[in-house]
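Engineer: Residue numbering for the sequence shown follows my numbering, starting at 156 and increasing by one per position.
Note that these hints are calculated values from the structure, not bench results. Check the hints yourself; a few may be wrong.
DEER-style ranges, computed between Cβ atoms [claimed, not checked]:
id, residue 1, residue 2, range
1, PRO291, VAL358, 54 to 62 Å
2, ASP398, ALA334, 35 to 43 Å
3, VAL197, HIS229, 49 to 57 Å
4, GLU363, GLY618, 52 to 60 Å
5, THR200, ASP266, 39 to 47 Å
6, ASP543, ASP398, 45 to 53 Å
Only a predicted model underlies this, so the values are computations on that prediction, with no experimental measurement involved. For every residue, glycine included, the Cβ atom is placed at its ideal position computed from N, Cα and C.
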Amino acid sequence: MSTVPNLLAALAGRCRPRTLRGRLSLIALTTAALVMVILTVVFNTIARHRLQQQADDELHTRATTVAATVDTRHHPVRVLETPDDAALDTNVWIYAGNRLLEHPASARVGDSVTRAAAGLAARGDTRCAEVTAGDPIRLCAEPVGGARPGPGPAAVVVTAMDLAPYRDSADTLLIASLALDAGVLVCTYVLTRLAVGRALRPVRTMTEQATRWSVVVSDQRFGAGDRPVELTRLGASLDELLDRIRAVLRHEQQLTRELSHELRNPLARIAAELDWWGARPRSTAETRATHSSIADAAASMRTICETVLDDARAGAHTVPGTADAMAVLRRLVGRLEVPGKTPITVSGPAALVAGVPAALMERIVAPLADNALRYARTRVAIRVGPADDGIRVAVVDDGPGVPAAFIAHLFQPGQRADPEDGHGGAGLGLPLARRLARSAGGEVAHDAGHTPGACFVVSLPAG
């Protein structure tokens, strides 16, 4: 039993337009069809009623004219003969009570039309009736003279008319109205599709532009423009979407650069250990030392990835933990220090606890120490101590320092004071250190008053 409804539902789903223009056109067509059906029914009902009223008026007029020839002053009632009264006698019955005075020559006594005329005459009032005798026939009665002894008037004139011409006129009006309805519906559908298509053309253009701009990360935007309010709002929404897409792409690019920047040192250590190990045969102890160094570099890479990715997910500040500041810094120095290169010293109280995880603290200080090693002439010092609102870690070197003109751009990603200074780097370490510190409620700042060399200060909450 449910097969038919399912088939109808499937058919309706297939016939339903897929596009907005098609749906709006269908809605407009359906609405126009309902309105036209209502108007057509009302119009044709009024037209048929009006045509029937015209027929009744003509019948009563003819009956009144014939009644003038009926003499009811004497008994019995008689019909006066007038010149050229043949036209008046066409389709006319005259009754005096139950007595038929005159009838049309074509009407036979006892046929359906004559019986209907007799019935109207017997009622003795002004009314009309309709009878079908091949074609629809309309009959109307008109009382004549005053009342005689007994019920009813002295005489009654009944006139008849063939309604076929009137019905033909009504049918013609119906066909014409249906043809007009069909033309209006076709025009409504076509014009609606054209109007909606024209109205949606800017939307299609904006969609194509948004798709193209999002692919190439363009700076172009829709802006306000000279558009309707709805399209202006759509343009503003698309601008916001493009800005978010661009921000996401920038974030992904920055994350990639930061990961490559941070992973460079551990990878260099691994490559150096493998080159050194493969240069000549090594003893078992030396091989174990090489394996240990490679494992330590791999663990450092894993820590870097986890720290940077946690920060990228905006979850680093939610990770609880504390760290022994001196232990973290000594471990970091042990990884960065290379025999025969610039020495690094760590100084500060032994029992100083930072309110951040050890891995995060190491990733904050590591870019500062790496920069100090890159530019220092003879030494790098890391000094840790308590502060009013936590702990303070200062990374100091005796290099050339930061040019005054570049201080304002220190923490901007990808910016370097002198890209041609012969030192490696992509200008991402300082921005990463500051961002990680701020995610933990801390800060990284440059001490412009320190000379000679450079001094960067890390402020972290106490544990």
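Engineer: Each hint: holds or not?
Structural biologist: Consistency of the hints with the structure:
1. PRO291 <-> VAL358: 54 to 62 Å: holds, 58 Å
2. ASP398 <-> ALA334: 35 to 43 Å: Since the Cβ atoms of ASP398 and ALA334 sit about 56 Å apart, the hinted range of 35 to 43 Å is violated.
3. VAL197 <-> HIS229: 49 to 57 Å: holds, 52 Å
4. GLU363 <-> GLY618: 52 to 60 Å: holds, 55 Å
5. THR200 <-> ASP266: 39 to 47 Å: violated, 32 Å
6. ASP543 <-> ASP398: 45 to 53 Å: violated, 39 Å
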